[in-house]
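J.: Chains as they are written, first to last, in the working numbering: chain A, 9 to 435; chain B, 2 to 339.
Since the hints were made in silico from the structure, they are not lab data.
A few of these clues could be false.
[What the hints assert, rightly or not] Just some of the chain B residues that point at chain A, by a computed CB distance under 7 Å:
#1 Ile57
#2 Phe67
#3 Thr312
[To be verified] Here chain A is said to cover these stretches of chain B; the calculated rule only asks that three of the stretch's residues, wherever they fall, bring their Cβ under 8 Å from a Cβ of chain A:
#4 82 to 96
#5 314 to 327
These numbers come from a predicted model, not from an experiment.
Idealized CB from N, CA, C, for every residue including glycine.
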Amino acid sequence: MAVSLAFHIVFAVIGIAMPVLMVAADWRWQRTRDHVYFDLARQWARGTAIFFAVGAVSGTVLSFELGLLWPAFMRHAGAIIGLPFSLEGVAFFTEAIFLGIYLYGFDRVPEKLHLAAGAVVVVSGTASAVMVMSVNAWMNAPTGFRLERGAIVDIDPVAAMLNPAWGTMALHMVVGGFVAVGFGVAGIHAWMLRRHPGDRFHRAALTLALGMAAPAGIAQPISGDLLARHVVGHQPIKFAALEGQFATEAGAPVRLGGLPNPETRRTAAIVEIPKLLSLLAYHDPNATIRGLNEFPPDQWPPLVPVRIAWQLMVGLGTALAVVSVLALWCWWRPPGPPERPWLLRLLALCAPLGFIAIEAGWVVTEIGRQPWIIYGVMRTADAVTPMPRLTIPFLAFTTLYVVLSAVVAFLMRRMVLRAQVERDERG
Amino acid sequence: MRPDLAVSIAFVMAAALNVYVLLGGADFGGGIWDLLAGGSRKARQRSLIEHAIGPIWEANHVWLIFVVVILFTAFPAAFSSYMITLHVPLTIALIGIVLRGSSFAFRSYGAEEESAEEHRWGRVFAVTSTVTPFMLGVCVGALAAGRVHLVGGLPRFGFIGSWLVPFPLTVGGFTVALFAFLAAVYLTLETTDPELRDDFRRRALGAALLIGVLAAVAALLARSEAPRVWHLLVAVSYALPFQIATGAAAVGAIGALAARRFALARRLAVLQASCILWGWFASQYPYFLVPDLSVHTAAAPERTLRLVLLTTIAGGAIVVPSFYLLYRTFNKFREGNE
Chain A
9 MAVSLAFHIV
19 FAVIGIAMPV
29 LMVAADWRWQ
39 RTRDHVYFDL
49 ARQWARGTAI
59 FFAVGAVSGT
69 VLSFELGLLW
79 PAFMRHAGAI
89 IGLPFSLEGV
99 AFFTEAIFLG
109 IYLYGFDRVP
119 EKLHLAAGAV
129 VVVSGTASAV
139 MVMSVNAWMN
149 APTGFRLERG
159 AIVDIDPVAA
169 MLNPAWGTMA
179 LHMVVGGFVA
189 VGFGVAGIHA
199 WMLRRHPGDR
209 FHRAALTLAL
219 GMAAPAGIAQ
229 PISGDLLARH
239 VVGHQPIKFA
249 ALEGQFATEA
259 GAPVRLGGLP
269 NPETRRTAAI
279 VEIPKLLSLL
289 AYHDPNATIR
299 GLNEFPPDQW
309 PPLVPVRIAW
319 QLMVGLGTAL
329 AVVSVLALWC
339 WWRPPGPPER
349 PWLLRLLALC
359 APLGFIAIEA
369 GWVVTEIGRQ
379 PWIIYGVMRT
389 ADAVTPMPRL
399 TIPFLAFTTL
409 YVVLSAVVAF
419 LMRRMVLRAQ
429 VERDERG
Chain B
2 MRPDLAVSIA
12 FVMAAALNVY
22 VLLGGADFGG
32 GIWDLLAGGS
42 RKARQRSLIE
52 HAIGPIWEAN
62 HVWLIFVVVI
72 LFTAFPAAFS
82 SYMITLHVPL
92 TIALIGIVLR
102 GSSFAFRSYG
112 AEEESAEEHR
122 WGRVFAVTST
132 VTPFMLGVCV
142 GALAAGRVHL
152 VGGLPRFGFI
162 GSWLVPFPLT
172 VGGFTVALFA
182 FLAAVYLTLE
192 TTDPELRDDF
202 RRRALGAALL
212 IGVLAAVAAL
222 LARSEAPRVW
232 HLLVAVSYAL
242 PFQIATGAAA
252 VGAIGALAAR
262 RFALARRLAV
272 LQASCILWGW
282 FASQYPYFLV
292 PDLSVHTAAA
302 PERTLRLVLL
312 TTIAGGAIVV
322 PSFYLLYRTF
332 NKFREGNE
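Please work from the sequences and hints to get the whole structure.
T.: Encoded structure:
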């Protein structure tokens, strides 16, 4: 399941954010009648088609795996949290239908309708991500039911869907998707621009991609701040694990670098910035942060991986925010990004960072929730299927996903290079 | 009597599954014919199949996801039991689904026309299009035979024995034949080329024959292995008109194919497949799992059920017209001979 999700999450965010770029290019084409944008819309649509197909089938696997791997979880959670899944189903349905119309309709459907179909894909794709995040948020902040002597009673699916973590988590995920895809696409075209300076196709592509990536890159730390402040209030153990905070402390520092040692109950930080953690978490430099020592160790998540992932995510998010500011600054003070070789090189290097940050963020939220599958209600170990030899399907799916990822990467690389050759031949 | 929520939702699920069989099933069938493409028009057959299912297969596939989601929301206990017992065949089916969808996209969007690479992905697509419906059919067979049964949280017939017996395997084969039949019938209306049309006409007739044989085998096996199905076949008073309808649709479809009335054949094939499916539902009703989980005992609390029903109605209001638009756009309502 973890492997399937880690795989699906990449394809899913591409399936959500790529249509934004595709529709933006299509819209520019209809406005300007500049053929560069038409080529771009087609090119991006081809890429989207592959990612969407793989994302859709890996999503199918997930809907089954919920039960194949966690039957006890679904037995209890299905009735509570199925509502956002059902709504997601409707949104995804709409997305698949209109993506079919969009991808295969370039020459069949009137232009305006075609663009509208693309817009529906964007809206429904984002909606489906927001709905799925409601489920994950609920696992962190379960609401909408009561426990009475171990039994779940008074189920209220609407309250479960509107759980307090939903808004911030969904925002953080969707914006993170725009950052990752925006920088990923910008990086590819920046790389091509280094090899073919001044190429109009790649200039247009870079401009559109950065137009999405840069604002999202700046917004992402803000949504991260909102989410972290939610976690400190609702999941203090998780927060303490992220920050390597063992002692309960007023005016707690931010620790940069360094891993927590569960034996000595200390985190050997490389740099400590006094009072900053309290300031960030509660907007008050002297606020008290609850440490891990307050909770029994059997309720701690695995400290080291969570801490590594957390630092990676925050570090990469900050780096991309800085690059976003640089890119905007270059537009404001020309020459713009396509004319600045150093920025192009930097962008090419940044291409994978957003995706790494998403995977790290996923580790933070999932591993950070352990040992619970439903925070404070059901332990992961109690939810797993009785089926023996689960390593076999695990290895099978892992191999499958590794192979598919390699194939997609290969196809994308070839698609970009070949499109270049075709354009060169046309002159 | 107040309309029964749980039964209404089970009905919606059954209808969605019916749509999935008619549309998604035919997409699988397309892959089966890709595997069995032959003769001098091999490449043209494959290209027709690819063009026919290209724009629609992803949307068709969502019907399955929809059924699963409704199942785990409205009937979580049944979902949980299915997933434990049928872990192995479902996992194989899922690997098939992933490989099939990916290879189709790789072939259509990644590979060069007529290249060895395109051919390779085509093979993957074709093989998985056959294996996946077989496994899904096996799951249905295991359910119909009452072999999905948990005792003390563990499958009574084991993780393998629950499905690896003759009746479910026959149903798996039957499913493959049925999907291939549907696809071949639809494909006769997807082309204006008389040679290709005739290729698929012959294939449809062959598949119809296989359906008949496998249905007879399954019926014989049902006597010992699937008593509820057997009971429905022979002993229930309301079964007879139903069986007559199924049989008439089947014979009618064959006749229409023989007479080259392709649009009529398509209607009758759709009717036949739907009758078979609803026959299974009838044999199952009111149980999700014979004998201990019925539509009512497996159901989620009423509040959840009401919201699910609302969601499906509101969702249907969006999805159904959109689907119509999709099918209109790609001329799927064509009645042939233009």
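J.: Please go over all the hints and tell whether each is borne out by the structure.
T.: Results of checking the hints against the structure:
Against a cut-off of 7 Å between C-beta atoms, the interface hint on Ile57(B) holds, since the closest Cβ of chain A lies about 6 Å away. For the restraint placing Phe67(B) at the interface with chain A, the shortest Cβ-Cβ distance is roughly 5 Å, inside the 7 Å limit, so the hint holds. With a cut of 7 Å, the hint placing Thr312(B) at the interface with chain A holds, because the nearest CB-to-CB distance is about 4 Å. Residues of the region 82 to 96 of chain B lying with their CB closer than 8 Å to a CB of chain A number 9, which satisfies the three-residue condition for coverage.
Figure legend: the region 314 to 327 of chain B, annotated as covered by chain A; annotation consistent (8 residues with Cβ-Cβ distances under 8 Å, at least 3 required).
Going down the numbered hints, you'll see the structure goes against none, and every one checks out.
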